[in-house]
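Assemble chains B, C and D with the ligands onto chain A, guided by the hints.
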Amino acid sequence: MLKTRFFKAELETPFVLASGILGLTASSMIRVLDFGCGAVTTKSFNMEWRKGHKAPSILPFENGLLNAVGLSNPGADEMVREISQFKSRTNRPLFASIFGRTIDEFGQVAEKIVGLQPDLIEVNVSCPNVRSEFGRPFGDSPQDTAAITRLVKNIAGSHIPVSMKLGPHGPGIGLMAKACEDNGADAITAINTVGPGMLIDIDVRKPILANKTGGVSGPAILPIAVKSVYEVYQAVKIPIIGTGGVTTAADAIQMILAGASLVGVGTAVYERGIEVFHELAAGIENYMTTYGFKTIEDFRGLAHE
Amino acid sequence: MLKTRFFKAELETPFVLASGILGLTASSMIRVLDFGCGAVTTKSFNMEWRKGHKAPSILPFENGLLNAVGLSNPGADEMVREISQFKSRTNRPLFASIFGRTIDEFGQVAEKIVGLQPDLIEVNVSCPNVRSEFGRPFGDSPQDTAAITRLVKNIAGSHIPVSMKLGPHGPGIGLMAKACEDNGADAITAINTVGPGMLIDIDVRKPILANKTGGVSGPAILPIAVKSVYEVYQAVKIPIIGTGGVTTAADAIQMILAGASLVGVGTAVYERGIEVFHELAAGIENYMTTYGFKTIEDFRGLAHE
Amino acid sequence: MSDLMKTYPILKIIDHGPGLRSLYFEKTFEVQPGQFINLWLPGVDEKPFSVSRITADFIEVSIKAYGPFSQAIMQCQPGQRLGLRGPFGRPFSWHNNALLIGGGIGIAPLRILGDTLSQKGFNFSYLIGAVTAHELLFPEEMKRQAATRIYTDDGSLGKKGRVTADIEQILDSEKIEFVYAAGPEIMFVVLKPILDQRRLPYEFCMERYMKCGIGICGQCVLDDSGIRLCVEGPVLNQDDLKQVTELGSVHRDASGRRVR
Amino acid sequence: MSDLMKTYPILKIIDHGPGLRSLYFEKTFEVQPGQFINLWLPGVDEKPFSVSRITADFIEVSIKAYGPFSQAIMQCQPGQRLGLRGPFGRPFSWHNNALLIGGGIGIAPLRILGDTLSQKGFNFSYLIGAVTAHELLFPEEMKRQAATRIYTDDGSLGKKGRVTADIEQILDSEKIEFVYAAGPEIMFVVLKPILDQRRLPYEFCMERYMKCGIGICGQCVLDDSGIRLCVEGPVLNQDDLKQVTELGSVHRDASGRRVR
Ligand SMILES: Cc1cc2nc3c(=O)[nH]c(=O)nc-3n(C[C@H](O)[C@H](O)[C@H](O)COP(=O)(O)OP(=O)(O)OC[C@H]3O[C@@H](n4cnc5c(N)ncnc54)[C@H](O)[C@@H]3O)c2cc1C
Ligand SMILES: Cc1cc2nc3c(=O)[nH]c(=O)nc-3n(C[C@H](O)[C@H](O)[C@H](O)COP(=O)(O)OP(=O)(O)OC[C@H]3O[C@@H](n4cnc5c(N)ncnc54)[C@H](O)[C@@H]3O)c2cc1C
Ligand SMILES: Cc1cc2nc3c(=O)[nH]c(=O)nc-3n(C[C@H](O)[C@H](O)[C@H](O)COP(=O)(O)O)c2cc1C
Ligand SMILES: Cc1cc2nc3c(=O)[nH]c(=O)nc-3n(C[C@H](O)[C@H](O)[C@H](O)COP(=O)(O)O)c2cc1C
Ligand code: FES
Ligand code: FES
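Protein chains in written order, with my numbering: chain A, 1 to 305; chain B, 1001 to 1305; chain C, 2001 to 2260; chain D, 3001 to 3260.
So that you can see chain A by itself, here it is in the shape it has in the complex:
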């Protein structure tokens, strides 16, 4: 009932492990699939490994998480190894998330991985930690985003779909999504973390995150994510991976009604545990039975009617 096709990939469930969550190693990603997730996204990586920011870099608060891991990652070579490992152990879907500190680097990382045939290349232009020379995420600039889209799509070719991962900020996510579509993107992932935010320990009187600020994820951002997906759905025809604050089946259904083809799940792995995928699946199946929907497609985008 929940089986979903996304380009050439067959997903057991419409859930995608969001980038940055348990996506560092083959073993870790396979375990998440075993728990009922439909596809996994790797941690975003670039050419050179990065240690990232000091801790605390991931901070729970009452309504979600703040994170400023600083795009720590083991670098493209190591990730190529993990992705190959993954591919040798399973043929379930893997989405490779890439970023670059320069526009060129996006291309270099893409080159590194096309040969591995990931089921999708997700291009992270929206992390508050990846900034163009103007000090803002590439994803705030339609020009930069368009250029990166063309570059990566060119390398990915026609057989590997490319999804551009956008944030809710910048000049309007609908407009940004349109720029991506017009430049060859096959899908949009919306959204990355929100804010950023800061929390201060009132007793030591310092920001708690070592990086001081961090992106907000989890329940706090659900309404912003739903609205972003709704807006992207009206702006483009390409499919959407709706991500942000999904914790319960009702949240996931909202995403699909707003127009998402797949639903990204990140912070809920913390909020509800790794078992969350089973809960989400059960809840959606129940909903589909109640209303007689046979596939996810049957109710995708219905909130627009």
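It is possible that part of the hints are untrue.
[Stated by the list, open to error] Stretches of chain A that chain D covers, calculated by requiring three or more beta carbons in the stretch to come under 8 Å of a beta carbon on chain D: (1) 57 to 63; (2) 199 to 207.
[As the list claims (entries may be wrong)] For lysine-lysine, the following DSBU-like pairs were computed, each having C-alpha atoms within a straight-line distance of at most 35 Å: (3) A:51 <-> D:3064; (4) B:1003 <-> A:178; (5) A:212 <-> B:1294.
[Said to hold, decoys possible] Residues from chain D shown here face chain A by an in silico Cβ test under 8 Å; the list is partial: (6) 3011; (7) 3165; (8) 3176; (9) 3223.
Honestly, the hints are just simulated from the structure, not real lab data. Where a beta carbon is used, it is the ideal one built from N, C-alpha and C, also for glycine.
Frame of chain A, contents of chains B, C and D with the ligands only:
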């Protein structure tokens, strides 16, 4: 201990009722002051009355509120009457919040109220519902914001301070605050609601808000508000009314440590009841006693050290 | 239930007469007499409504056709989903030897109040009125429950006249220790001095334009008291009303403007 | 306590020897033997630490000077506030007739385990070792509690040699039904085949680079099992370890790169 001077106003506590919360009538605002709030901000008003959006226009969710009241207000004439009423009944501080659909209208509303000697004019350029001809809030454009600041400050003269109310979006709140300061603003109010967001009823499959989208307030946005205040504090020297998600004394203390001179309280009136001001006051006094602070000034901005 | 929006199917509709109907929903929450809920008709609007009855299975809301929203409600079909949130506000308190005065659609909250009083074994009687017979809610059920006096403006049922026509005489001739009233505001304007003069304690269930129902928009606040009718009301007693200067004179519309 | 960050003043510091100290905090939460907390030194970093003891009043954490973070901890003063969150992870299970093997700073979690086992009236003995005498945690306290064998690499206290030097002989000569171990990974590499061969059940308290402690960053996940050491560990038993291929060979650093 909590007595605070803000320009010429004497506040019993450093709390300000945020604009849009119970700020429609003199009676309503006086009652809030009686509950221990230090100053009240009126609902934002413009020249002509506005009915606003249909309901639901204010929607609780797990982590706060969504609202899209559509800047409903009874218009400047009626608000002048309420402010006069207020002034005839008490000399406690009142901040008048104004907006315009055009830059000129900001000036017209300001003209209407300077004679009433509000303790502050708060200029709402950041409501997602007040848009320039380019379809974006004036507060997203440093040029528009600068022009509005100059215009209103000119009318307010030297004896009525003007605070520009900014949102967390746009080209960077530090930059925007600087543009306000450079153009004569006496204070910054940060922040307005975040997003906007959307919630969908999964059974009727429609966005719940009549306006479909609405700004997010309450606990969900606290980290974004704290970070915004922190950033504004680094960008400008003028005082800050730190607003957004403050529900507990610890939240209010974070705002002050981030640099706020006064703390705006909105959604907490719903989350905790109108008694919230007493709780906040008790919590902050307790904190001040623990650490030997005599005034709010003693710990303002300390998170920057 | 809760403040969060959730939709429920209408289980049953009872038409009391033209433009007057009760909607039944599954009883998914508790409610006290006098409290109200917000009813959302998706695509149309959301408005506050008193709960008129609660049973083991049902929540009943009774609605009179008036403007766009309530007229749209008259088109609803069983099975259709409406949003419900609440219950909101402070309920009636409970008293013995009470007179329950209801005018027009104001009869709705008295129905659930009467059920509670009778469950508690309290004495009470109804005094209800409407413009015409088919605008009168629940007359038969009320009669079965307690002494019920009926008035209609056109005399089509009960006595001809306003519901308050004989009120002084009733109060002076019977053992009435408490008065509850709900209905058009003019009723309260008439009743208040009569009750105050006799030092009879009372509670009125009032209406004001409501936007949020949760005490933050300020739309329902009463001059000069600052009372938020959605939180501290909708039931106000004689002490609350001492500070209310706008009774029967002004109230505020959707923009917040005062209207008369 | 909780996952949320909160700071607490250090109530007391006990220096066990150069570069080895225990910090005491008010007991504001419960913790099970084997669980760890994240310790934040504001302005420096945050790292995971086993709780080494819990009493009615105190939580004790024992720290060995190593790199920048732990060296900074050696400069802390009583009264200074550190952030604590947790407790995280799955604790040890409880067994009778157990041998508790601790190497170096790995002795810390065995101390709290021993307290619990002795409260439960279980039989157990300690087998602890370190490079040199002053790097040995709690030898006197352990001796008072149970039979305690001590080894040092330099022979400065107890027997000279590795803590695992005589392990086979001990296992074969005594009634040992369960083995707990904590310490450098090489200890587990030595112990595992010996225990597996004797079909003795065991639990090892392991370490990996941890960034979040709450199971989402993926930094602490073990090849090929996919086990998140911060959630499904840090205590792993013989069944968990069957799927772990990286024991003693590789682990991952702050970037996620494999190091040997
Ligand atoms: C606490 C409370 C309980 C109520 N209980 C009932 C009930 O049990 N049955 C019933 O039929 N009606 C009840 N009402 C009135 C109901 O909420 C609507 O006002 C009514 O249905 C008319 O709405 P409309 O859109 O059809 O008409 P409109 O033409 O829009 O309004 C007619 C008049 O109703 C009032 N009104 C409109 N919108 C609102 C609003 N959002 N809040 C308050 N008043 C409003 C205004 O005074 C307006 O002039 C109650 C109102 C309140 C405040
Ligand atoms: C579950 C667990 C319990 C621990 N309990 C204790 C304890 O009770 N007492 C104690 O002294 N130490 C304990 N540690 C180790 C401690 O977390 C630090 O790793 C150690 O203090 C060294 O850090 P450093 O910054 O001083 O040295 P560094 O030079 O930064 O690191 C030295 C080595 O420690 C490891 N390390 C560094 N940072 C981390 C990290 N964030 N998470 C895991 N390992 C890291 C790496 O292998 C590194 O090579 C524990 C670790 C874990 C995972
Ligand atoms: C700890 C953490 C690390 C993240 N790292 C990345 C990343 O490397 N690349 C990326 O595109 N998004 C990253 N994200 C964002 C998530 O993929 C996701 O877009 C966001 O968290 C919103 O979804 P959620 O509310 O379900 O977590 C990270 C989020 C978290 C919480
Ligand atoms: C129902 C509602 C109405 C609001 N109306 C206004 C308004 O008219 N003008 C304005 O500047 N801000 C308005 N705001 C924003 C608040 O003043 C405040 O900036 C925001 O809600 C964040 O603070 P909070 O989290 O404490 O509510 C409104 C907020 C709410 C919830
Ligand atoms: S309806 Fe909003 S305060 Fe009462
Ligand atoms: S430390 Fe992050 S998953 Fe274990």
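Against the structure, the hints:
1. 57 to 63: holds (count 6)
2. 199 to 207: As far as the segment 199 to 207 of chain A goes, the hint holds, because 5 residues have Cβ atoms under 8 Å from chain D.
3. A:51 <-> D:3064: holds (23 Å)
4. B:1003 <-> A:178: Judged against 35 Å, a Cα distance of about 52 Å means the pair is violated.
5. A:212 <-> B:1294: holds (27 Å)
6. 3011: Residue 3011 of chain D check fails; min Cβ-Cβ to chain A is 15 Å, beyond 8 Å.
7. 3165: violated (34 Å)
8. 3176: violated (32 Å)
9. 3223: holds (5 Å)
Hint violations for this structure: numbers 4, 6, 7 and 8, all remaining hints satisfied.
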